[in-house]
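> Below, each chain spelled out in residue letters.
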Amino acid sequence: MNAEKVTKYILTFAAIIIVVIAGGMAFSLFGGAVPAFKEFGIKFIFSSEWNPTEGRESYGALPFIAGTLITSMLALIICFPLAFSTSLFLGEYFKGKKIAGILGTLVDLLAGIPSIVYGLWGFYVLKPLFVNIGINEHGLGIFTASLVLAIMIIPYATSLSNEIISMVPDELKEAAYSLGATRREVITTIVMPTASSGVIASYVLSLGRALGETMAVTMLIGNANIIPKGLFGMGNTMASVIANQFGEADGLKLSSLIAIGLLLFLITALVNFLGKLIMKRIY
Amino acid sequence: MNDAIIQINSPLLTIERLSIAYEPGKYAVQDVNAGIKKNSITAIMGPSGCGKSTLLRAINRMHELYPNTEVVGKIFLDNENIFEISAIELRRKIGMVFQRPNPFPTMSIYDNVIAGYKLNGKKLKRSVKDEIVEKSLKEVALWEEVKDALFKRGTFLSGGQQQRLCVARALAYKPEIILMDEPTSALDPIATTKIEDLLVELKKDYTIILVTHNMSQAARISDYSMFMYLGELIEYGKTKNIFSNPVDKRTEAYLTGKFG
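If you're matching them up, the sequences are chains A and B in order. Heads up, the first sequence is in our numbering, so the first residue is 1 and it goes up one at a time. Heads up, the second sequence is in our numbering, so the first residue is 1 and it goes up one at a time.
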């Protein structure tokens, strides 16, 4: 056997292993979720009851689905103005300059901070702050979690859209300048429309990250198994209910948690797929 | 006086002691002096890296987009130093066509033509816009080919059509001068002939400065030619004189194919 063939076999084997692992995970998620779906049917998704009392057990995922979607969307909304202006700063206004290099590194550094550290910061800084300014009595809840989540996804949104924005060809910008456009006009009429689908895709992919974020959210959202009552109310997300309860769960409850995991997996996969799809449409 | 450099009577544009450096002390263009005749085609030729595009891009102050570039000297348009008016104003008077066709990919053919007005925030009546679009596309002989597809994207056209669209875009704002940076280098021979015919047609109304690395193109369509080498303007004269009887040895060597 020659080296060419050996390389090919090794690579093929490695690729197959990855597919088997992914398939195995999906399989065990489906398998584990079956009892919950058998017991509650499709109502599992739409019920907001979470009652572990023996004999009257009843579980529904709605509060967690709502909590996950609300915190993630809110985080995306909070993150957008900051990430968007930072990516314009890096990818257009100060492209290639020293200051852009320093800022870019700092933004990437944000991505490297562990989730638990964000959680701690939120718990010991934001929470007392919110209590002091009287937003709500305990400082925890949807808004606190979303705010920290927004800070956590800023680096992803920024560096993805920065890359897209700096990919807009110089020749297009020069063409616009040669017609007498100002810098702002070049950005609004040439750079933004050309980069738009890529920028949208980078926010969709950031949303995908926000959906599955667990630790920091668990520490800040209040962990109340209810559909959040307003912006400052408490709630729970799909990821954090699993993190909080998997230790003492068995039987139907465990199956319900796995079913929530499966739903989260599907939602995240769908969002990522959408993001990639939009990304492909660039140019 | 250097007899390799022709003096142009009452030039539209005058370049005075122009030097351009991309890095401190390293000049890509050195001490160029030249006048440009109105309603003519002036070709700038020379081997790669001789500074011909660099010189061209100084005329509409494109170098200012890249802050490390240093430009010294003066350029007068209508007796006004272009470095003393706003770059925005200047670029409205001087159109530019680039090496590779670069229609705006997110705009329709129609919007590409009136992009100059759109970018400058000029609001025009629909009928006025229609008129400008039709006139500009007719000027570049593209009207018949695209009149039924005006609201389709410009990027679906062939390379030659795209380049003519880019010329139309530059013409629409009624510039005095059109700068062309090797406008046919990315085109096939048939599309090249069309653009060349177009330029000859356009010089009735516009003054054209054309950078080309294609000597025969300069010989075919230009009235005046500059030969640049290592950042210096070596020779400048009537095209027919330069090609038949070059003054400088380096010009002769270039034209006879000894280098470049």
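In case anyone wonders, no lab produced these hints; they're calculated from the structure. Do not rely on the hints blindly, as some may be mistaken.
[As the list claims (entries may be wrong)] From chain B, some residues computed to sit far from chain A (all C-beta separations above 12 Å):
#1 6
#2 19
#3 33
#4 38
#5 39
#6 71
#7 73
#8 87
#9 93
#10 97
#11 134
#12 170
#13 181
#14 189
[Claimed, not checked] Just some of the chain B residues that point at chain A, by a computed CB distance under 10 Å:
#15 11
#16 60
#17 84
#18 88
#19 90
#20 120
#21 166
#22 237
#23 238
All figures in this text were calculated on a predicted structure; none of them were measured in a lab. Just so it is clear, CB atoms sit at the ideal spot from N, CA and C, and this is done for glycine as well.
> Does each hint fit the structure? Answer for all of them.
Checked hints:
no.: 1; hint: 6; in the structure: holds, 28 Å
no.: 2; hint: 19; in the structure: holds, 22 Å
no.: 3; hint: 33; in the structure: holds, 25 Å
no.: 4; hint: 38; in the structure: holds, 21 Å
no.: 5; hint: 39; in the structure: holds, 21 Å
no.: 6; hint: 71; in the structure: holds, 15 Å
no.: 7; hint: 73; in the structure: holds, 21 Å
no.: 8; hint: 87; in the structure: violated, 8 Å
no.: 9; hint: 93; in the structure: violated, 9 Å
no.: 10; hint: 97; in the structure: violated, 9 Å
no.: 11; hint: 134; in the structure: holds, 19 Å
no.: 12; hint: 170; in the structure: violated, 7 Å
no.: 13; hint: 181; in the structure: violated, 10 Å
no.: 14; hint: 189; in the structure: holds, 23 Å
no.: 15; hint: 11; in the structure: violated, 22 Å
no.: 16; hint: 60; in the structure: holds, 6 Å
no.: 17; hint: 84; in the structure: violated, 17 Å
no.: 18; hint: 88; in the structure: holds, 5 Å
no.: 19; hint: 90; in the structure: holds, 8 Å
no.: 20; hint: 120; in the structure: holds, 5 Å
no.: 21; hint: 166; in the structure: holds, 7 Å
no.: 22; hint: 237; in the structure: violated, 28 Å
no.: 23; hint: 238; in the structure: violated, 29 Å
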